[in-house]
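Protein chains in written order, with the numbering used here: chain C, 672 to 1034; chain L, 14 to 220.
Hints listed in this document are in silico derivations from the structure and should not be mistaken for laboratory results. Be aware that one or more of the hints could be misleading.
[To be verified] Far from chain C by the CB rule (all over 12 Å, computed), these chain L residues:
#1 PHE22
#2 GLN23
#3 THR27
#4 ALA40
#5 ARG104
#6 HIS107
#7 SER108
#8 THR109
#9 ASN155
[What the hints assert, rightly or not] If you want a taste of the chain L side facing chain C, the calculated C-beta under 8 Å gives, among others:
#10 ALA25
#11 PRO51
#12 PRO53
#13 MET59
#14 GLY62
#15 LEU64
#16 LEU67
#17 LEU81
#18 MET84
#19 LYS85
#20 LYS96
#21 SER98
#22 LEU121
#23 VAL138
Cβ atoms here follow ideal geometry from the backbone N, Cα and C, with glycine treated the same way.
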Amino acid sequence: MTQAQTPEETASNWQDSMIEEGFANLRRLAAMPFIAEKARKVKKGVTPSEVVYEEDKAKLFHYISDTKPKYKTPLLFVFALVNRPYIFDLKEGRSVIAQFVNAGFDVYLLDWGVPNQAERHLTPDDYINGYLLNAVDYLRERCDSTKVNLLGYCMGGTIATMFTAMHQGLIKNLLTLAAGIDFSTREGLINLWTDPKYFDVDKFVDVVGNVPAEFLQNAFTMLKPVQNLIEKPITIWENSHKEGFIEDFLTMEAWLNDNVPVPGEMYRQWAKYLFQQNLLVQNRMPVGKHIVDLRKITCPLMNLLAERDDLVPPSQSEPLNRLVSSTDKEMIVVPSGHIGLSIGGYAQKNVWPKVCDWLGERD
Amino acid sequence: MDDNVNQAFQQAATFQKMWTDSFSDMAQVWTRYSPAKPPPDAMREMRAGMLKILTQSWEDFVRSPQFLEYMKKGMDGVLDFKKLSSDFFTRGHHSTETPAREDIDGILLAIRHMERRLLDRVEEVDSNVSGLGRRLDKVEKNSRPAPTPVPREGVTKPPARKAPARKAPARKASARKAPARKAPARKASTRKAPVRKTVARKTTPKS
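Extracted from the complex, chain C is given alone in its bound form (with noise of 0.2 Å):
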């Protein structure tokens, strides 16, 4: 029990503590005019790469190992349209494909690129069956492999599933993070934001085009405005002074702001079918010609959720394991946010060498 204070070491208590606050103060602001310089220095992407392969503005990277593939069957990521697909290789020790790279497996990351006005009436069409189809036919044929193990973030995740329903044939094996998969859930604010009551998507794509970077921006920024515009500033000036911190809060800001327009068309589909009329776990929803089935995947699947995701809750996700038709799946639900499902230290140290074991036995 602890003994109540004099009122002297109370105030020897505050004396001191106000001393070392203060000091603490002249620290960060020392660092302060540091920043700058240190933002020009941020890195994107830290593992060597080449492109392998290029159609229109995608761009397939290839990442290269000082030592042979232990695994023959290449390993393709697939991220968003919304954000840039470095947050994969953000930095050292916060790297998924190098964890991948260095557990001996062939890794390869299909970057969509920044799309103009022109783009504007690109479809998940054009991206699933055109774009993603053609690296995977490039694959097969450079690595000399019927088959591919596709994994995919965020909206990536859902286009990785929407892909291997369609050509269950050309993949081995499924992963996913934080896939959006049933969107009926409106645990998620932009789920509810979409909710066609209030968000007319024709209306919205008619008149912009292509949805701004920027809209897309803030609308991230106010699913949490509080973390993000107060208590982030009080963050960062609170550990201005520590070593790494700033490197490591300036990578991860310059990502977080590095978004990228979305194809009209693609916005309109992908918000119309999926946000508000919930067309794929139904297996009703359009892809082109195609009709997605998520029963026509029967390869073993890796599903990967994030306990407190705000962007894209677990229970958007989860129904996924129970809707293909695979014998051999799995999910894992990782303790952490959107992002520290992949750069975050527990899923670097605990979630990433599992699932590399795990693919690696299904190779």
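Following the hints, position chain L against chain C.
Below, chain L without anything else, positioned relative to chain C:
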């Protein structure tokens, strides 16, 4: 008109109550203040408590039907204004006989439709050629003379069997439904030779 005014006042009152409650809860956090703690720590604790309440209030606010209604009206207003300004500029461009964005969009859409039609045709031709190839293979296989067996002594040669009349294989209706692979057509024209250039790190174009 009165109904609208009443509704607006009611909505304002709901918001007012929500935020008044929130600020009152935030003020209550200060009742937990203890002078025994050093001021910086106590301040951090109070701040965390206040921000927690503010986060919860914001969550309630953005989920309220009133906010969603305001959001819809706000967005409609912005879109209407953008459309109006876009129409104005289009008229301006047309009056000076220069193309407006709308015209360029129209051309792009026309190209896209043409591309789709062409790809559909290419796909059809592709499936026809594959069908022909299959038929040719079968014809070649059947027309190849079978090796003549050497008659053994004392073995009677069986009478030659008449080959059954072969029907031309019916064209698979599903061939057209096969995965719409724009890819082969596109691939041939757009795939660039693999770039063998090794870069130290991934080059990412600026957004």
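Status of each hint after checking the structure:
At roughly 22 Å from the closest C-beta of chain C, the C-beta of L:PHE22 stays outside 12 Å, upholding its exclusion from the interface. The claim that L:GLN23 is not at the interface with chain C holds, since no C-beta of that chain comes within 12 Å of its own (minimum 19 Å). Here L:THR27 stays apart from chain C, with its beta-carbon at least about 17 Å from theirs, past the 12 Å limit. Every beta carbon of chain C lies more than 12 Å from that of L:ALA40, the smallest distance being close to 17 Å; the non-interface claim holds.
Residue-level check passed: L:ARG104 sits 16 Å from the nearest beta carbon of chain C, beyond 12 Å. Its beta-carbon lying about 19 Å from the closest one in chain C, L:HIS107 satisfies the requirement of being farther than 12 Å from that chain. Non-interface status of L:SER108 relative to chain C is upheld: no Cβ of that chain comes within 12 Å, the nearest being about 22 Å off. For L:THR109, the non-interface assignment is confirmed: its Cβ lies about 21 Å from the closest Cβ of chain C, beyond the 12 Å cut-off.
The Cβ of L:ASN155 sits about 30 Å from the closest Cβ of chain C, beyond the 12 Å cut-off, so the non-interface label holds. Nearest Cβ of chain C to the Cβ of L:ALA25: about 19 Å, over the 8 Å cut. The hint is violated. The restraint placing L:PRO51 at the interface with chain C holds, with a minimum CB-CB distance near 3 Å, inside the 8 Å limit. The restraint placing L:PRO53 at the interface with chain C holds, with a minimum CB-CB distance near 4 Å, inside the 8 Å limit.
Given the 8 Å rule on beta carbons, the hint for L:MET59 is violated: about 13 Å separates it from the nearest Cβ of chain C. A hinted interface residue such as L:GLY62 counts as satisfied when its beta carbon comes closer than 8 Å to some beta carbon of chain C; here the least separation is about 13 Å, so the hint is violated. At its closest, the beta carbon of L:LEU64 sits 6 Å from a beta carbon of chain C; the interface hint therefore holds under the 8 Å criterion. With its C-beta approaching chain C no nearer than about 5 Å, L:LEU67 sits inside the 8 Å limit, and its interface hint holds.
Using the Cβ-Cβ criterion of 8 Å, the hint placing L:LEU81 at the interface with chain C is satisfied: the shortest such distance is roughly 5 Å. Given the 8 Å rule on beta carbons, the hint for L:MET84 holds: about 6 Å separates it from the nearest Cβ of chain C. Look at L:LYS85: its Cβ gets to within about 4 Å of chain C, closer than 8 Å, so that hint holds up. For the restraint placing L:LYS96 at the interface with chain C, the shortest Cβ-Cβ distance is roughly 5 Å, inside the 8 Å limit, so the hint holds.
For L:SER98, the suggested interface contact is broken, since its CB lies about 10 Å from the closest CB of chain C, more than 8 Å. The closest approach between the C-beta of L:LEU121 and any C-beta of chain C is roughly 6 Å, which is under the 8 Å cut-off, so the hint is satisfied. Hint status for L:VAL138 relative to chain C: violated, with the closest Cβ pair at about 17 Å, above 8 Å.
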